[in-house]
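Both chains come to you apart, so use the hints to assemble them.
From first to last, the protein sequence lines are chains B and F.
Okay, so the first sequence: first residue is 1 according to our numbering, each after it adds one.
Okay, so the second sequence: first residue is 294 according to our numbering, each after it adds one.
Calculated directly from the structure, the hints in this document are not laboratory data.
A portion of the hints provided could be inaccurate.
In the BS3-like style, the derived pairs of lysine-lysine whose C-alpha atoms are separated by at most 30 Å in a straight line are [what the hints assert, rightly or not]:
#1 F:K441 to F:K382
#2 B:K71 to F:K382
#3 F:K457 to F:K382
#4 F:K447 to F:K388
#5 F:K441 to B:K202
#6 B:K200 to F:K311
#7 B:K67 to F:K388
Listed below are several chain B residues computed to face chain F (Cβ distance under 7 Å; list not exhaustive) [said to hold, decoys possible]:
#8 M1
#9 E2
#10 L12
#11 G19
#12 D28
#13 I32
#14 G37
#15 M65
#16 I75
#17 L95
#18 E96
#19 D98
#20 H118
#21 D119
#22 K121
#23 T255
The model shown is predicted, which means the values in this text are computed figures rather than measured ones.
Even for Gly, the Cβ is constructed at its ideal location relative to N, Cα and C.
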Amino acid sequence: MEQGSYEVKVGLAEMLKGGVIMDVTTSDQAQIAEDAGAVAVMALERIPADIRTDGGIARMSDPLMIKDIQKTVSIPVMAKCRIGHFAEAQILEALEVDFIDESEVLTPADDNNHIYKHDFKIPFVCGAKNLGEALRRIGEGAAMIRTKGEAGSGNIVEAVRHMRSIINEINMLSTLEHDQLMATARDFQAPFLLVEQVAKIKKLPVPNFSAGGIATPADASLVMQLGAESVFVGSGIFKSEDPASRARAIVDSVTHYMDADKLAIASSGLKSAMKGLDISEIPDDQMLQDRGW
Amino acid sequence: MVRKVGVLALQGNYIQHKKMLDILGINNILVQYPRELEKCDLLIIPGGESTAISKQIDRNKFRQPIMNFVETNSIFGTCAGMILLSSTKETNNLKSLGVMDFNVERNAYGRQVNSFTEIVQLEFDSTDNFNALFIRAPKVSYLGKGIKILATYKNTPAMITDGKHFATTFHPEIGTDVRIHKYIMEKINA
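Bound-form chain F, shown alone (with noise of 0.2 Å):
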């Protein structure tokens, strides 16, 4: 059961998750600190600029407590939340968490002009397809056996599952659609 959830707040789009959780009544605080993490059982990492995000991510020694944390409880990241949730190998400025089995190339779409919305079908829900916003978007470049793919757009992952943490390569806490958000609510809680 998801009592609390917690928000990233290093750098980045942690606000709008913060108001899709708030829509959907869902208890929540933005972490800024580790020792945060431990009221929380679900823990989302935010769009925004991965490098920034990784940099602050071990100055304020986040990086063992996230570890810790995936054990016994979930992550959903968004992006460039993904990124960090891959196994990327590490590049200058950007070591991933290695939380989950798929690598991603960065901005795979190009710079902002590339950036796009299209409609992406959800395999969770056939009652309406989804309007995702990509920006400087990442793409999968390799995927894990265990690991299941919730959408997709033209032939690659868009959301992926390993049963226990998300993400998305695009931006759900954008606009007022709250299904995302609610349906890893509801697969935690299951």
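Isolated chain B (complex conformation) (with noise of 0.2 Å):
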């Protein structure tokens, strides 16, 4: 028997795939996430949005809280490290959690390096902007890839950025012949048999998820049609007026992300969703892409 391999880590998250992954801060919101349909929960003490108005350093969560969490209910429960604590990492795998975020929400460790996730039991997922940053993450271990987004923003502009950027360089790479993979590795600053390996099967070698501003059942439809496996909702339902009803919509939404008529049915009647940012409003400083190397 084999335990923590790649294949059983990349395993958990194909079983993901056509579902919709939720922050909640409480077991009570981990509670509405599974009734509403949620495939896991992302558990952390503060969502997104507020972890940009608060300010301050963003941490690991309490283990006290993803305990509860895990109790609570019967899906998967992921959790939040900082890029580059390993330590934190360390805790979150004492802890069981069954998927460990390396997120640019929380506030870098690290400015230089990420955490070597083949060293770890439990598998991870890390953020990505664009395929050599993706290969990058996959390279260290990740075992999923989300796209970044803008966290928190309820803008779902750089979600469609990334996930364009992601999938316009896998076509690219899929026209290439063999001998110029070279120098687009150099160029991506990808790990060479990575970038041979898309090329090859036309993916990522892993699930891609999207994530970072998807805030209405019509924006999880849209990054799915561009190509997510999957979608990461954080502040998006927690942060609207009826978090119930926007999350099982949502949920129905990834199921029928091509069916206009049944995306018009979870669209109607929603109350407000979250306010959200113009990204122009963000100061360069605050911008949570930027993180992560």
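Given below as structure tokens:
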């Protein structure tokens, strides 16, 4: 019997496809998420929109809060650690969370290195803005990629930009001759063997989800149609006026992301979405997507 | 004779089941609406999150059409799909279909850190063992009299059939070994 192999880690990511992973801060919210049909919850103390407003250092959540959520729901429970903070990751592994998100939403602990994720038995998900960043994270052992978008903004534009970048770069790679791949790996700052693999299979070697700005059923449909295999919704649900209805509507819209009639039903009568931010309102040094190297 | 296989595509790993069928050259569709069942003579319920799939079965009004479907057709369920095929007592957020006479304990091996791969022996193929992936897998807690065991892990059934429907606690759709899908097609065609 073998546990913690890369195959087993990616296996869980495959099971979460076609679903919604929701940020929750309490066991009550976790229950709302599971009742709505979420495939997993992300346990964190403050949702990104609040981290943005509150400022200060954002760290791993209190283990008590994570355990409380683990007791409440039967779906996988994920939790975030800071970029490069392998000690936080070790604690999350000891808590037996199902997935660790090495996340730019928290304040980075290392401004040069990410965690070497192959050292862990728990799978990791990491954010990426482009193919090179995605492949660097996979090279370190990430079992799932999520495009970063701009967390806590309620604005889909960055999520779209990042998903389009990755898909365009994959499409471009698949048109190249074998002898062009090394120069491309150099340009992308990506491991050559992974570049070679992507050129061959025409997709990332791990599931590719979307995050950072999804606030409506239509947003979820948009990123799914662009190529996301699932969506993460952070602030979009519990910063909205009626989280339970919105949670369910987003789940239903991921299942039927190509059916405009079903999307019209899912979009109907929802109370206000989160207010959101224009990206130009966010000071450059507060852009979360620029964290990660 | 299997003319067309439907893969229930409400949530989960339906794409990799489809790939297995494509490799075997079997005509297949992703099923998202109950009316699409009419075109199929085998339905695969994939792995995923059983609570999420259970909810989508009801929200999309699949429960009765699936019960009508099984009167003359077969279902193959993997992991979450197996949980849904079982007669396990209803709990919060999960209502099984009761198609086969067995019960399971969900996440019986624990959280993801306890997920594993193991070589299992297939009763129907002695040429080579099968590399089985158990992801937050269920464990059979009760087996009805008419159920036959086709693969075992540590004295618990890992693949079962009642002669019509098939279920695995592991994920035969991951990887490149198509023997389990192939076997099920052959049994249904026989």
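Right, here's what the structure says about each hint:
no.: 1; hint: F:K441 to F:K382; result: 21 Å, holds
no.: 2; hint: B:K71 to F:K382; result: 20 Å, holds
no.: 3; hint: F:K457 to F:K382; result: 22 Å, holds
no.: 4; hint: F:K447 to F:K388; result: 28 Å, holds
no.: 5; hint: F:K441 to B:K202; result: 41 Å, violated
no.: 6; hint: B:K200 to F:K311; result: 20 Å, holds
no.: 7; hint: B:K67 to F:K388; result: 26 Å, holds
no.: 8; hint: M1; result: 5 Å, holds
no.: 9; hint: E2; result: 5 Å, holds
no.: 10; hint: L12; result: 5 Å, holds
no.: 11; hint: G19; result: 5 Å, holds
no.: 12; hint: D28; result: 14 Å, violated
no.: 13; hint: I32; result: 11 Å, violated
no.: 14; hint: G37; result: 4 Å, holds
no.: 15; hint: M65; result: 17 Å, violated
no.: 16; hint: I75; result: 6 Å, holds
no.: 17; hint: L95; result: 9 Å, violated
no.: 18; hint: E96; result: 5 Å, holds
no.: 19; hint: D98; result: 4 Å, holds
no.: 20; hint: H118; result: 15 Å, violated
no.: 21; hint: D119; result: 14 Å, violated
no.: 22; hint: K121; result: 5 Å, holds
no.: 23; hint: T255; result: 5 Å, holds
In summary, the numbered hints that this structure violates are 5, 12, 13, 15, 17, 20 and 21.
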